[in-house]
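Read off the chains here:
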Amino acid sequence: MIFATLFKQLVRRPATNPFPVKYMPRSVTGLLGKVAAGKASIHPPIPAPVDLRGKIAYDAEKCIGCQLCVRVCPAKVIEFLPEEKKIRMYVARCTFCAQCVDACPVDALATTPDFLLADTDRFSENLIVQAAPGAAAAAAPEEE
Amino acid sequence: MHNERINIDLEANKSAVAYSIPIGPTHPALKEPIRFSFELDGERIVGVDIKPGFAHRGIEYMGMRRNLIQTLYLSERICGICSISHPLAFTMAVEHAAGIEVPPRAQAIRTIIGELERIHSHILWAGVGAHELGFDTLLHLTWNVREKVMDLLESLTGNRVDYAIPIISGVRRDIPEEKVHLAAEALDYYKRLLQDLIDAFLHDKSVEMRTKNVGVLTYDEAIALCAIGPTARASGVKKDVRQDWPYYGFADMEVRAITPEDFGREPVGDVYDNIIVRVLEVAQSIEIIERCLETMPSGELMSIPKIPALLAALKKAEGEGIGRHEAPRGEVFHYIRLEADVEEPVAWKVRAPTYGNLMAWVPKFLGDEIADIPIIAASIDPCMCCMDRMHFVSRDGDQSTRLKEELVRLSREKTRRICG
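Chains as they are written, first to last, in our numbering: chain A, 1 to 144; chain B, 1001 to 1420.
Chain B extracted, bound-state conformation (with noise of 0.2 Å):
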């Protein structure tokens, strides 16, 4: 069944295909400039076409022409808001490579800070897939709220974004006492908040109309296809770089991996599931946080602390070392070689979620409408980048181009339309 859903037979269907979409290569429904080709039947989309590969910025190169600590912080910037996901898989690659010991301390507060910033990161895609709904008011609520967990990474870390939080062999700064409560005020805003969140997003009649069995990907193409973080787990597989692979805090907490059924849910796949594992990991990462300050072990932050050291130490390593970490979005992988006496990576290689879940994407909009597009876009979580408009082009060579507010207004008008 999934084979021929994935491999759909556009020659056979060629007289019933009137429109040929391109989206892309920039659009605001993407994360990053990407280009998709739609072949409609009137609204009905009967084949999909991906060309990635406009947003290369050549960062894997330019980090092997840095020394290791300055590559820490290119890799910060390689994604906005992971911007914790990427230094932590960085790190513990480099740390598998040469060799070198995290402090237990070091490790729970890396933990606490990947944990807060799925918090975040959960909460702005909710904002954003109600965006894309037409639920304007839910988009400046949700975010809102999310403003609560930005702060507190803002006082922990310094930064708003890209928080330079850690470094090879520990972290930069402790969470001290007197920021505990901070925390812990954070976390029980959140905790309160989280029946706000169910009621608005699962228990709305509106956004159950225009997400249920919408984008669907069943359970065999999840596995087929690879599909990895939330976008697998949405479509039931009980797959989370946390609970496979344990690592850092994570071996202590027994993570498990959420899937709709947590929330009584026969998975299906579809947007609706999306938002449900979004919606409980909020609430898991609150736990795992919890635990993480109430069990904080003492110690010191870093295993080689004077700077001058650690670059030494880094200069003599050799060998390879890979590092995954559960992003919000999916797993992270980076691998790195490391050669003796050459300060720089003799290799590096990044291997971001969204790439896992550019397939995806495929089956889960085979079969949906043009008003769908957005949201469907939007459910395996690529960040919102900024471009304004698309082209439609019609076969008979008639051009025209499709702001992107007109796209959002068909969204708005479907949702009124079913909603009576």
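So here's chain A without its partners, still in its complex pose (with noise of 0.2 Å):
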């Protein structure tokens, strides 16, 4: 039976999803741009499903500063600002479990599909997840 099985193999296609590219490119940002002005196509990213929990989006507007989801977060992912009575989230951290997002009471917080986080810097900017774009904090969440 195993050998019908793998008879079959032969002129199915693979189980696997393609690489973006089937060669490794020789200067990826320049494949990119390529890309980008229409003169190389690459196998677009396999869909999301729906309701994935990727990275946590933030609506400072409509933040209260209640301070739930820093109480409910597993990772501590959450710093509190007492300033600007806002939150910052260091998604390097985060478990995205969303308990955050069910807690908060204004809905200022929400799942969304983006899960290609990978970074060399856990302080990049598309880990810190704050108020105003960019500036990314300095400091470090504090430690156990």
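Hints should not be assumed to be uniformly reliable.
[Unchecked claim] Only pairs whose alpha carbons sit at most 30 Å apart, straight line, appear in this in silico BS3-like list of lysine-lysine:
1. A:Lys76 to B:Lys1315
2. A:Lys85 to A:Lys55
3. B:Lys1205 to A:Lys8
4. B:Lys1349 to B:Lys1238
5. A:Lys86 to B:Lys1315
6. A:Lys22 to B:Lys1148
7. A:Lys8 to B:Lys1148
8. B:Lys1349 to A:Lys76
9. A:Lys76 to B:Lys1316
10. A:Lys86 to B:Lys1306
11. B:Lys1315 to B:Lys1349
12. B:Lys1191 to A:Lys8
13. B:Lys1148 to A:Lys55
These are calculated hints, taken from the structure and not from any lab test.
Put the two chains together into one complex, using the hints given.
What follows is the structure, given as structure tokens:
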């Protein structure tokens, strides 16, 4: 029976998802530039399922500074900024349980399908969620 | 008979014992870092000593410094494969201590996710077992079919692993009508696949030759050593928390412990029986999920839906509670004690299934060969970890290191040798 399965494999498409390109390009940024200009094409990413718990989006306008999210966050991702009465999230620590989204009384937090978050710097702009865009925090989150 | 097998007299056999092999603390065939010392007479294992305690992470202490909602997500991270079993036992313990009711619909959803996890865990185990025997083709085929249930879990819960679905007093996400067909589709897929799984694992000549009468745990030994889960059931012990102590949706299901007798084989307790039990349990889980989906009660998802109210109720709660759940590897047990006006649990104790099955390794190893070590170690289903070598130290001081690849090669050579 296993042989039948194996022979079927010969004509079947691979079960794995294709990489964006077949071979490593000489320059990744060059390739991305070409893709942006429409001169080259890459395999599109596999669409994320609906309701995926990805990176948390923060709407500072709605935030009332109740600190409920800070209380329920298991990974202590969220730092409260007392002067502005807003929060700052260090996504590098996030476990994507989205308990803060459930806890928020004013719907200032929401999940996004954004999951490609690998970075060499845990304080890079992409990994800090806060009110004013940019201005990555210099201070590290409080250690345990 | 069984006592002689367990208490083998090493002193009397000393002249015959030529080698002592330590395996671990870190080794790919082991769930957690653990150390084995094997006493060998030629190829045959005549003694084994197990030393656990290398993976203490202080999770219980960390949990006692966090409030109960934070601790819930910590409990999820005790095990990556049982990532619903621990939260289920934890929430059950807290609800027991605080006297919180869980709505019927939430109970059904917890049951469904728990059984989906059993399907993925048993299929993962089957692949690992095939790999240890040298059937990497089968490993890739099994893990390929496992993706279906992983995708289903991801679309139902939002996370591929660590589903974050149960919360104290209920569940966080519903299974809406439009997603029920996804589940039904995946279940149909596995029902069609079941016969293939049985053919590939239970009617395969090579698998039979490598696993029958290898790693035997007799009925008496399983009882004496308090083995749990599929390891005990493979020895013919009809023991299953879902049967003996029904909870959540299982109370209406009349779940029956699966033993090799259901496959028409007298239980021996060898690795082959372990495969039988796990494959048949996939079928059982499919049945349970289908019945849950059919008879899904309507109603609310959480008895205390507002998080501040839940936190306040938990702060007021006082008492102790226990939670038991039949995880894919056996019974998982959580104990918790709460005090009024303290947000954190005052005491939290976790007993994971592998702990109950540790001693079952001893009679399983005795009398078998070095090349059988990987499959016997894997037979109680410890999680595969991230380590790739072991030490062989001979008595005369000659030390050498054997890589994991070499051990796998020995295992494969044995398959080839006995299959001609």
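So, going through the hints one by one against the coordinates:
no.: 1; hint: A:Lys76 to B:Lys1315; result: 20 Å, holds
no.: 2; hint: A:Lys85 to A:Lys55; result: 22 Å, holds
no.: 3; hint: B:Lys1205 to A:Lys8; result: 22 Å, holds
no.: 4; hint: B:Lys1349 to B:Lys1238; result: 26 Å, holds
no.: 5; hint: A:Lys86 to B:Lys1315; result: 26 Å, holds
no.: 6; hint: A:Lys22 to B:Lys1148; result: 25 Å, holds
no.: 7; hint: A:Lys8 to B:Lys1148; result: 19 Å, holds
no.: 8; hint: B:Lys1349 to A:Lys76; result: 23 Å, holds
no.: 9; hint: A:Lys76 to B:Lys1316; result: 24 Å, holds
no.: 10; hint: A:Lys86 to B:Lys1306; result: 22 Å, holds
no.: 11; hint: B:Lys1315 to B:Lys1349; result: 19 Å, holds
no.: 12; hint: B:Lys1191 to A:Lys8; result: 20 Å, holds
no.: 13; hint: B:Lys1148 to A:Lys55; result: 24 Å, holds
Figure legend: structure checked against the earlier numbered hints; every hint is met.
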